[in-house]
Every structure is written in C-alpha cells, then in structure tokens.
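Spelled out, the chains give:
There are 2 protein chains.
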Amino acid sequence: MLGPGDDAAVVSAPDGRVVVTTDLLIEGRHFRRDWSSGYDIGRKAAAQNLSDVVAMGADPTGIVVGLGLPADAATGWLDELTDGFRDECDLVGASVVGGDITRCDLVVIGVTALGDLGGRAPVTRSGARPGDAVAVAGRLGYAAAGLALFREGLNGPPELIEAHRRPHPPYARGPEAAALGATAMLDVSDGLLQDLGHVAEASGVGLVLDPEAFTIPYAMRDAARLLAVDPLEWVLSGGDDHALAATFPEDVRLPPGWTVVGIVTEGTGVQVRGVSVDHGGWDHFRE
Amino acid sequence: MLGPGDDAAVVSAPDGRVVVTTDLLIEGRHFRRDWSSGYDIGRKAAAQNLSDVVAMGADPTGIVVGLGLPADAATGWLDELTDGFRDECDLVGASVVGGDITRCDLVVIGVTALGDLGGRAPVTRSGARPGDAVAVAGRLGYAAAGLALFREGLNGPPELIEAHRRPHPPYARGPEAAALGATAMLDVSDGLLQDLGHVAEASGVGLVLDPEAFTIPYAMRDAARLLAVDPLEWVLSGGDDHALAATFPEDVRLPPGWTVVGIVTEGTGVQVRGVSVDHGGWDHFRE
Chain A
1 MLGPGDDAAV VSAPDGRVVV TTDLLIEGRH FRRDWSSGYD IGRKAAAQNL
51 SDVVAMGADP TGIVVGLGLP ADAATGWLDE LTDGFRDECD LVGASVVGGD
101 ITRCDLVVIG VTALGDLGGR APVTRSGARP GDAVAVAGRL GYAAAGLALF
151 REGLNGPPEL IEAHRRPHPP YARGPEAAAL GATAMLDVSD GLLQDLGHVA
201 EASGVGLVLD PEAFTIPYAM RDAARLLAVD PLEWVLSGGD DHALAATFPE
251 DVRLPPGWTV VGIVTEGTGV QVRGVSVDHG GWDHFRE
Chain B
1 MLGPGDDAAV VSAPDGRVVV TTDLLIEGRH FRRDWSSGYD IGRKAAAQNL
51 SDVVAMGADP TGIVVGLGLP ADAATGWLDE LTDGFRDECD LVGASVVGGD
101 ITRCDLVVIG VTALGDLGGR APVTRSGARP GDAVAVAGRL GYAAAGLALF
151 REGLNGPPEL IEAHRRPHPP YARGPEAAAL GATAMLDVSD GLLQDLGHVA
201 EASGVGLVLD PEAFTIPYAM RDAARLLAVD PLEWVLSGGD DHALAATFPE
251 DVRLPPGWTV VGIVTEGTGV QVRGVSVDHG GWDHFRE
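From first to last, the protein sequence lines are chains A and B.
Under the UniProt record's numbering, the residues of the first sequence are numbered 1 to 287, in order.
Under the UniProt record's numbering, the residues of the second sequence are numbered 1 to 287, in order.
Please keep in mind that the hints were generated in silico from the structure rather than gathered at the bench.
Mixed in with the good hints there might be a few duds.
Claimed, not checked - Here are the in silico distance ranges between beta carbons for each label pair:
1. 118(A) <-> 118(B): 21 to 27 Å
2. 75(B) <-> 216(A): 41 to 47 Å
3. 257(A) <-> 83(B): 23 to 29 Å
Claimed, not checked - Quick look at which bits of chain B chain A covers, simulated, 3 or more residues with Cβ under 8 Å:
4. 12-18
5. 111-125
Unchecked claim - Calculated from the model, a selection of chain A residues having no Cβ within reach of chain B, i.e. all distances over 10 Å:
6. 104
7. 180
8. 187
9. 224
10. 271
Nothing here was measured: the structure is a model prediction, and the numbers come from that model.
Note that CB positions come from ideal geometry on N, CA and C, so glycine has one too.
Kindly produce the complete structure, drawing on both the sequences and the hints.
Shown next, in the form of structure tokens:
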C-alpha cells in the first residue's frame, strides 16, 4: 500500500454499510497512451468507478488504485495520472486513500471506489415496476461521437473530442435519485439500450423509449451530418459517457437535470418505437 | 461488476469506518501459471490482501477482484482461481462480493480487501515506543525456503514447497493484537528485517532482535543443511509468508501464537546482535 504508508487505509463509513466497486483498465484495450494524456486516463479511470458508486445512490468517499507500469513510463506520466485521479475525486469530495504500484509490460490500472449510502437504500437494477417513468441524466452519445470524429482524423468539435477522452458523469444525480425514490438505476457504460436491457431483465419488466424525447445537441447533429450517420445511434448505443438511467414512480416530480425518455411496462426487453431491441445497437433495428 | 450483478456491491461496515487495501499481481512477476495452480494463485492473491487487513487490527469482510485474462486461459483455470479466492475468504468469514473481468495479454489480478475495526483503533506502523516488546505470529522463512528448494528442482519437504505456493497468514492474531493494545503492527511481506525497518522509521525508534528467539523448524534446518545456507537468513529476510509483527507495551501478557523476538529502544533502525541493518538481508551483515 502507498498513500497512507501503512498496510491499509481507513475510510469513514458513517452509514454502517459501504458500497464498493472495481474496474480493471488495460492499455490498448481501454485506453491508449498516444490518444489520451496520463491526466485524462486518470480522470477517466476514476470517473467510471465513481459513477458506479453514485449509480447505487451512494456518495463516493475514496478510491484505491493498483498500478502496473512499464519501465518506459516516464515519471511525469505517473504524476499526470495521479493528478487525474485526484482531480476527479475532488469533484465528489472523495480522496485517493491508497494504492499499489508494480512493474508490468503494459499499463494496467485497477481502481476500486468506495461510497457511503447516507442511510438510503441502495438502488439496484431490479426494482423497476410497470408504470414507472424511465429517465436519464448526463450526457449520451458524446463519447461515441467524439471517437467517430477522432477516428476520421477530425479534431472538433472540442466538446465531443474531449468527451471521448474522459466522461463527465452527473455525479450529484445519483444520490438525488435515491433520495427521490428511484426504483432502479445504473450508469450507462455500454450504451443506453444495452444497459437498460439489464434493468428490464433484472426487474422482469419491459421498457419503452420515445426517441423524440432525446435532445440531440447542435454539435452532435452537425458531426452526424458530416459523417453521414444517425446521431440517435450515438445517443442510444454509445457507451463511455457514464450518464445515469433510472426508473421512478410516476408521481415523482423530477428536478432539473433529469429527462423522462420512456416508461416501464409489463413484458420484457427494451423497445423503441415499438421495435424490440435485444442487446443490439440502434442501427440493428432502424427502419 | 460481476457477483452481485449491479454497478457495485454493498458490504456491512458496522464500525462506521472501513479498512481498505489493494494489491496488483502480475503474471511472471508475482506468480507463474506453470509453477502454481489457479487455485493456489487465487488463495495467495486473496491471502496477501486479507493479511493487510488483519495487520490493521480489523476483521476482513469482503474482497472485490479485477481480473485480466488472456484468451488462452481455460475456463477451468478461472474456476480454480475463483475457488481459491472463495476458500481463502472463508477462513476469515469474508466473501467475494464483486469483480470485473477483461481481456489482457497476460494474467493480471487486482484484489481489494475490506475490513471492519469492530470499534478498535487501527494499528499503524508508527506507534512503537521504547520499552515495547517486539513479537511475531505466524510463519517466517517457509516461503523463502520452499522457493529455494523448488529452484533446485527438489519437491520436498512438502510443508516448505507448499508454503511457497500459498501463505498461511495467522489471521486471528491481527484483531487479537489490536485488542491487546499493540502499539504498531504490520504483515511481513518483504522479509522481517526490511518490514520492521518501516516500523522503526515510522515510529522514530530502534528495534533490537534476538536471533536466539526464533524457532527454526526441523524441516527448515534440514533444507538449509542440504542447500548449505543459514536458515536464519530465510527467517529474517524471507518474504511472502505474511506473518504478523507487532510491538506491545511491556506489561501485556501475550497469548499462545505470539513469540517475543526483541525489544523497542531509543534510536533508529533494526539491529540483530548489535549490528545495524539498513533494509538489507541477514546475509549482508552476518559475521
């Protein structure tokens, strides 16, 4: 263990329960050092774990990091990476409380994030009930659009390119949703349709989305025209933005930041405009 | 996240604080698939983290595991590995509560362990005071002896060979030491002399060890004769057994399982028979 310089760190858990999640990021698979700075990689690695914590309705408290570093990784790069961890944690009042560094032929980043439920019940994927509203908070499709632009050698619009390098999860919306009585919630890491499929399955319900309910930002609309694709494909199937998707009882009045995009029904699976989607992308069933 | 099938797991933390530690194990550096079974690697990976938790005086509650697996890793190997995690956790009443699996060119295992202090103060490395007794619990030198035998192509004695494949940390002794009022504690992962050097430095004291106080088991004595080495070198400098080393106020009556091996003094560093040791091995200063 590094950081506290002891065998382990001690983190406050006033709730009496602790939320814990872990992800392993591998160079070449989850990030590339020639595409992203160490700082962006650190922010992204922290963000995707902190997002998992808030998706349970908890407030992140700390992260520990296991790092595998090749001999060719410069000291400056490690400093950038740890700055990224720290700054992303700062956004939610959490800290880097410990870690372990070892030599490895490629960069490996294992992040474990902890969170406190503050007396709230954890919001799982299995509580959605017919009649609930389906709502999203945060960005959808930005990272996918940015990656598509980047792959075409384009370096703008900056808000999309930058979104591909690191996400901007709507952290505060997670505990807020739990306090409002969300019946199910998750963070959108693989794409909205695919991830909502997990809610449908775990809850034993169907979800029907209204494609008109999604706002396509101008920059994304322009980018889609440039690349001759349907921007809704990015919104419905793009991952890595770490938006939150949640279901709420129909009488809950949602505060700003949430957009209702569908409804929970009897049945199974996720539907858009009446067409079934089985863990496929929007392009798989577009008319 | 796997396991609970949600974004994160929820672990009980009745103390209101949670102890957390993480380690990253890399194939070829920390283990070899041709030297150890998946089961032994799982037990070892879990053990070294659970040991860090008890070295703080806490009771382990759960672990999460991030796994990087090459395409050539057989399903059976993964099953063995997870059986190893589970069985090691069973020893301390903890569970595997979640994880993440991703493809990687080599096996990477990130383990994060959590623990509960049960109302006790965490035992750090910095509380040793002159006059305290230095005591150890658990095995010392077994893994080093086993590795030395294995490298010579020998396959016995089994208790030493097996100790190189996985440790047997004295889990119950950690919380016990905290309850007894241990002033400092750590788990011996790099070798007793080196690790006690951290206690000396963090506590601003000196430690004087009595080499006569260590019991050398018969099997180790025989192995040392066979390989023409001093078995005390294994005991004082061998790592990977995850014994516990702690300091206790002189009036504490230590229960069975603890062996007093030295005393805390004014000064700095670790001494054996009056010779200074600066993070070196026993062989560096043997007369």
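Hint by hint, here is what the structure shows:
Here the CB-CB span from residue 118(A) to residue 118(B) is close to 22 Å, well matched to the stated 21 to 27 Å. Here the CB-CB span from residue 75(B) to residue 216(A) is close to 43 Å, well matched to the stated 41 to 47 Å. At roughly 45 Å, the beta-carbon separation of residue 257(A) and residue 83(B) lies outside the given 23 to 29 Å, and the hint is violated. Chain A is given as covering the stretch 12-18 of chain B, and this holds because 7 residues of the stretch bring a CB closer than 8 Å to a CB of that chain, at least three being needed.
Coverage of the stretch 111-125 of chain B by chain A holds [criterion: at least 3 residues with CB-CB distance below 8 Å; count 8]. Against the 10 Å criterion, residue 104(A) falls within the reach of chain B, whose nearest CB is about 5 Å from its own CB. For residue 180(A), the requirement that its beta carbon stay farther than 10 Å from each beta carbon of chain B is met, with the minimum near 18 Å. At roughly 6 Å, the least C-beta separation between residue 187(A) and chain B is not larger than 10 Å, which violates its mark as non-interface.
Residue 224(A), annotated as away from the interface, keeps every beta carbon of chain B farther than 10 Å; the closest lies near 29 Å. With a closest Cβ-Cβ approach of about 23 Å to chain B, residue 271(A) is found to remain outside the 10 Å limit, as its non-interface label requires.
In summary, the numbered hints that this structure violates are 3, 6 and 8.
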